[in-house]
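Peer 1: Read off the chains here:
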Amino acid sequence: MRAHYGKVTAAFAMISALALSGCSAGGDSSGAEAGAEAAPCEASDGPVTLEFTTWVPGMDQVVELWNEANPDIQVTVQTGPNGNSGTYQNFFNQIQAGNAPDLGQIEYDALPNFRVQDGLENIAGCEGVADAQDQFVDWTWGQVTFGEEGSVYAVPQDSGPMAMYYRADLFEEAGIEVPTTWEEYAAAAEEIKAQGSYITNFPKTDVNWFAGMVWQNGGQWFANDGENWDVNLTSPESEEVATYWQDLLSEDLVSTLPSFSDEWNASFNTGQQWTWVSAVWGATTLSDGAPDTAGKWAVAPMPQWEDGGETAGNWGGSSTAVLKGSEHPAEAAKFALWLNTDPEALALANELGGLYPAAKSATELEAFAGGVDYYGGQKIYDVFAEASSNVNPDFTWGPTMTQTYTDVSDGFGAAIGGSGTLMDALETGQQKTIDSLKAQSIPVSE
Amino acid sequence: MTVISTPADAPKAPPATRKNRSSGAQRRAVALFIAPFALLFLAFYAVPIIYAIVQSLLTVERDGTFGPPRQVFGGLVQYEQVFQNTAFWESVGRVLLFGVVQVPIMLGLALLFALLLDSPLLKGKKFFRLAFFAPYAVPGVIAAIMWGFLYSPSLSPFGAVTSNVDFLGGNLVLWAIANIVTWVYVGYNMLIIYSSLLAIPTEIYEAARLDGASNLQIAWRIKIPLVIPAIILTAVFSIIGTLQLLAEPQTLRSFSSAINSTFTPNLAVYTTASVPNYNLAAAFSVVLALATFILSFVFLKSTQRKVTQ
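Protein sequences appear in the order of chains A and B. Residue 373 in my numbering sits at position 373 of the first sequence, and the numbers go up by one each step. Residue 55 in my numbering sits at position 55 of the second sequence, and the numbers go up by one each step.
Heads up, none of these hints are tricks.
As a list, the in silico SDA-like pairs of lysine to any residue whose alpha-carbon atoms are at most 25 Å apart:
| id | chain 1 | residue 1 | chain 2 | residue 2 |
| --- | --- | --- | --- | --- |
| 1 | A | 438 | B | 71 |
| 2 | A | 438 | B | 51 |
| 3 | A | 438 | B | 86 |
| 4 | A | 438 | B | 81 |
| 5 | A | 438 | B | 76 |
| 6 | A | 296 | B | 155 |
| 7 | A | 193 | B | 160 |
| 8 | A | 438 | B | 62 |
| 9 | A | 438 | B | 278 |
These aren't lab readings, by the way, just hints derived from the structure by calculation. Since this is a predicted model, take the numbers as computed values, not measurements.
From just these sequences and the hints, can you work out the full model?
Peer 2: Structure below.
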């Protein structure tokens with residue numbers, strides 16, 4: 001027993017010595033760039049196995065490419081439900097219990113939540129991570145660093161620039177102009193309703209879609225000055241968006257099906273829906289959910305608030321984060337970088353999972369160069385690449401987005417049911433978010 | 001541990017050593033037999049409850065916008081939040097309303113089916129017993145998905161009805177869930193009542209028949225009074241089940257826009273835990289458990305008095 005203790009103490013001494021030397025080495029070489037928080041990121045000895053949880057379909061096959069080339073860093077893939085539908089809750093529970101997977105898929109809007117819960121490893125000090133900045137679309141890098149020096153909390157995976165999917169055939173047949181402004185969109189909604197269909201579906205549960213609309217309109221829901229959080233769900237930009245959709249709802253010009261449900265798929269498949277203002281990843285959602293309408297869809301830029309404007313919103317997009325407690329952050333970071341920059345991996349992830357990579361090199365991929373049959377052969381990714389460059393790079397997500405989404409969504413549901421308006425929902429969401437932040441001792445300015 | 005025998009025993013028993021030894025062995029045997037239950041009970045019941053109570057007494061502190069959270073003792077802070085949370089109490093009111101309507105209907109049907117199965121008139125008892133019970137074998141989530149499709153306006157095979165009556169809208173969705181729960185649990189409750197009916201000695205029926213009682217009179221005056229304890233048992237189970245509704249509303253959320261994140265108390269707990277605000281979720285759970293306990297206890301007490309009267 002005594003000898004054993006002796007060994008343990010010796011091991012501890014060695015580890016702390018290593019850690020100390022790692023710290024000082026990091027401090028010497030990179031100076032101001034490596035902040036106090038950037039922990040040393042030492043490679044492990046010998047072969048390691050990493051766990052990676054994701055909900056992108058086909059990711060196991062992408063990881064297979066890595067495993068064949070890297071016998072010493074084997075990655076096992078676990079798939080879960082979409083983040084807010086369960087995977088985040090699993091992550092939070094696992095972080096609390098200290099047995100989280102090494103790597104997890106986390107959407108940009110959930111990163112602050114995970115950081116506030118102390119669930120992310122800062123991988124800025126890991127080899128190659130800081131230098132990778134130039135390889136990613138600027139705003140996605142801003143999301144994973146929180147705009148701080150010496151912090152990198154995840155590697156950008158994909159993004160969701162928004163545009164408008166529309167039924168080119170139906171618009172042409174009916175002689176309705178494809179709307180380019182929101183004003184025209186509302187006018188078209190009336191004409192389409194007169195024909196017995198809907199221009200689109202208002203997604204009560206996709207509050208992040210609504211945030212994308214506010215994003216396009218130049219609004220911000222959260223701000224963080226380093227001391228306090230500022231919650232602003234009811235800015236004039238948000239109000240404009242809320243009032244606009246409330247009018248469409250009140251006049252029954254949009255349907256209110258639960259999005260991504262079978263019912264919702266069926267309504268697209270049977271021509272009940274004429275447009276879907278959605279993100280780039282929606283291209284495969286649509287072609288999978290509405291196979292009977294192949295060849296009849298096209299993609300145009302999002303309708304604009306101002307005539308001749310060129311703004312776009314963003315909906316979704318994920319990062320690959322190294323979760324707190326990983327024993328091999330160096331290897332995990334290495335894998336995350338490969339996964340999101342390697343051309344072969346990106347191409348396969350797009351083919352199987354419909355991802356639109358956050359890596360700048362994505363535009364050179366063959367998959368994005370040609371026309372897509374489902375969209376009548378249109379080169380739809382050109383539209384999204386354009387949209388991506390029009391997304392406001394500074395958009396801050398709050399530290400309890402799951403809660404904000406739930407509360408706003410409950411209010412949206414009530415508004416659809418006839419009690420209150422979308423704006424009321426945002427006001428309630430504002431108050432409940434502030435309460436929720438206070439309940440967790442997160443400083444908030446009022 | 002010291003073994004203390006009762007003082008009254010000691011002087012009376014001459015072979016004290018033998019008795020002690022045998023009772024020691026007996027204790028060991030008892031301990032051995034209890035151990036599996038006790039360990040499982042501790043691991044999966046007592047410890048989680050204690051953990052939940054401890055969690056509910058903690059609160060989170062942190063420095064700055066991204067400061068790491070620290071859990072500190074917060075006294076009854078979380079409970080204050082629970083009692084201020086209107087959404088939670090609305091959900092409690094909702095399930096109580098649900099229970100007041102649904103539990104009597106379900107148990108009434110269960111009793112009716114049990115009496116029919118027990119009556120000499122019915123043919124094919126084995127078939128009906130299995131048929132009534134079969135829905136209980138369907139997992140709650142699957143049942144909810146199935147009914148979700150049946151209710152849905154455009155996907156339902158009964159589209160003529162569902163496109164005119166919005167079962168999944170705000171007014172009806174609670175009763176749509178009540179229907180699912182009834183469908184699943186009638187057979188289960190029927191079986192409990194039926195087995196209690198089978199335990200009634202047949203001599204009683206013979207005596208009643210000799211006295212000229214009809215089948216209906218036997219059912220009303222003999223069978224039902226004798227199975228009241230079984231009905232009370234099923235009622236307590238149902239009250240507990242109602243307060244803990246989760247799977248059905250959670251599953252139907254993907255079919256209906258009218259079910260919000262705090263539709264039932266358990267759904268509110270689930271939503272709070274996924275924020276994640278474990279401490280408040282724990283406080284919700286403790287309050288819900290207490291409410292369930294009190295309600296079941298009050299129901300048992302009040303019905304016991306009636307039975308003895």
